[in-house]
Amino acid sequence: MGLEEKLPNGILLASVEKLVNWTRKASLFPATFGLACCAIEMMTTGAPRYDLGRFGMEVFRASPRQADLMIVAGRVSQKMAPVLRQIYDQMAEPKWVLAMGVCASSGGMFNNYAVVQGVDHVVPVDMYLPGCPPRPEMLIDAILKLHAKIMEDPLTPGRAADMVGHRTELLPSSVRYSRNGVTHGLRPPSDAELAEQTARVEALRP
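When we follow this note's numbering, the leftmost residue of the sequence shown carries the number 1044, and every step to the right adds one.
Derived by calculation from the structure, the hints in this document are not laboratory data. Honestly, I wouldn't trust all of these hints.
As the list claims (entries may be wrong) - Computed Cβ-Cβ distance ranges for the label pairs, DEER-style:
| no. | residue 1 | residue 2 | range |
| --- | --- | --- | --- |
| 1 | R1243 | P1173 | 26 to 32 Å |
| 2 | V1126 | N1154 | 17 to 23 Å |
| 3 | P1197 | E1245 | 44 to 50 Å |
Stated by the list, open to error - Distance condition first, Cα-Cα at most 25 Å in a straight line; then the derived DMTMM-like pairs of lysine to aspartate or glutamate:
| no. | residue 1 | residue 2 |
| --- | --- | --- |
| 4 | K1188 | E1136 |
| 5 | K1188 | D1169 |
| 6 | K1188 | D1094 |
| 7 | K1138 | D1111 |
| 8 | K1192 | E1101 |
| 9 | K1122 | D1132 |
| 10 | K1061 | D1169 |
| 11 | K1192 | D1132 |
| 12 | K1122 | E1239 |
| 13 | K1122 | E1236 |
| 14 | K1061 | D1184 |
| 15 | K1192 | E1060 |
| 16 | K1122 | D1234 |
| 17 | K1192 | D1169 |
| 18 | K1138 | D1184 |
| 19 | K1138 | E1101 |
| 20 | K1122 | D1111 |
| 21 | K1122 | E1245 |
| 22 | K1188 | E1101 |
| 23 | K1061 | E1195 |
| 24 | K1192 | D1094 |
| 25 | K1192 | E1180 |
| 26 | K1138 | E1180 |
| 27 | K1192 | E1136 |
| 28 | K1122 | D1169 |
| 29 | K1138 | D1094 |
| 30 | K1061 | E1136 |
| 31 | K1138 | E1060 |
| 32 | K1061 | E1101 |
| 33 | K1138 | D1196 |
| 34 | K1188 | D1111 |
| 35 | K1061 | D1196 |
| 36 | K1192 | D1111 |
| 37 | K1138 | E1195 |
| 38 | K1138 | D1169 |
Glycine residues also receive a C-beta, built at the ideal position from the N, C-alpha and C atoms.
Produce the entire structure from the sequences given, and follow the hints as far as they go.
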């Protein structure tokens, strides 16, 4: 009725925003970023049994400039954190991050000075996936939930505004990351800093 009657057959009405978001979610290219045992499950997801290619994601990119999604599969060490942040900054907008497994999400059983207690200390995370390690079906489910989230994203440069207050604050690639409430430059921690942090952790143990 109304407007539909005045349009010729074969005309599809949709907002540009929905169309662009549909093309984005239907062609997410993940960056290859396996750090621990979760990476084995991630590789299995891309194999024929689970066939991640059904969702337009069959191509894992070795170059961050060709990737839209960073799947952080495993624990992130303090010395890996600056590298991870640099790769994130090299990815073109729009980009998304999926923390795969409990180690990437919160440090997991590695509650010590050497491991970042959650990758969201280094980069903004869009989707958290629990498990140790999560099965391929769980990863596919998390990706589909991320697809639904992408479909609701506005076509505005509002991502930086959305992340205001996030501990990484989307700082540019002079790059800084936050650890234990302290902002650090893009470099691995020194032996003295590691020793100091170890002493703090040991002091908190019962």
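Hint-by-hint comparison with the structure:
{"no.": "1", "hint": "R1243 to P1173: 26 to 32 Å", "result": "27 Å, holds"}
{"no.": "2", "hint": "V1126 to N1154: 17 to 23 Å", "result": "22 Å, holds"}
{"no.": "3", "hint": "P1197 to E1245: 44 to 50 Å", "result": "46 Å, holds"}
{"no.": "4", "hint": "K1188 to E1136", "result": "20 Å, holds"}
{"no.": "5", "hint": "K1188 to D1169", "result": "10 Å, holds"}
{"no.": "6", "hint": "K1188 to D1094", "result": "17 Å, holds"}
{"no.": "7", "hint": "K1138 to D1111", "result": "5 Å, holds"}
{"no.": "8", "hint": "K1192 to E1101", "result": "20 Å, holds"}
{"no.": "9", "hint": "K1122 to D1132", "result": "17 Å, holds"}
{"no.": "10", "hint": "K1061 to D1169", "result": "19 Å, holds"}
{"no.": "11", "hint": "K1192 to D1132", "result": "21 Å, holds"}
{"no.": "12", "hint": "K1122 to E1239", "result": "16 Å, holds"}
{"no.": "13", "hint": "K1122 to E1236", "result": "12 Å, holds"}
{"no.": "14", "hint": "K1061 to D1184", "result": "21 Å, holds"}
{"no.": "15", "hint": "K1192 to E1060", "result": "13 Å, holds"}
{"no.": "16", "hint": "K1122 to D1234", "result": "11 Å, holds"}
{"no.": "17", "hint": "K1192 to D1169", "result": "9 Å, holds"}
{"no.": "18", "hint": "K1138 to D1184", "result": "19 Å, holds"}
{"no.": "19", "hint": "K1138 to E1101", "result": "17 Å, holds"}
{"no.": "20", "hint": "K1122 to D1111", "result": "24 Å, holds"}
{"no.": "21", "hint": "K1122 to E1245", "result": "20 Å, holds"}
{"no.": "22", "hint": "K1188 to E1101", "result": "18 Å, holds"}
{"no.": "23", "hint": "K1061 to E1195", "result": "8 Å, holds"}
{"no.": "24", "hint": "K1192 to D1094", "result": "22 Å, holds"}
{"no.": "25", "hint": "K1192 to E1180", "result": "19 Å, holds"}
{"no.": "26", "hint": "K1138 to E1180", "result": "23 Å, holds"}
{"no.": "27", "hint": "K1192 to E1136", "result": "16 Å, holds"}
{"no.": "28", "hint": "K1122 to D1169", "result": "23 Å, holds"}
{"no.": "29", "hint": "K1138 to D1094", "result": "22 Å, holds"}
{"no.": "30", "hint": "K1061 to E1136", "result": "17 Å, holds"}
{"no.": "31", "hint": "K1138 to E1060", "result": "16 Å, holds"}
{"no.": "32", "hint": "K1061 to E1101", "result": "23 Å, holds"}
{"no.": "33", "hint": "K1138 to D1196", "result": "12 Å, holds"}
{"no.": "34", "hint": "K1188 to D1111", "result": "16 Å, holds"}
{"no.": "35", "hint": "K1061 to D1196", "result": "9 Å, holds"}
{"no.": "36", "hint": "K1192 to D1111", "result": "14 Å, holds"}
{"no.": "37", "hint": "K1138 to E1195", "result": "14 Å, holds"}
{"no.": "38", "hint": "K1138 to D1169", "result": "10 Å, holds"}
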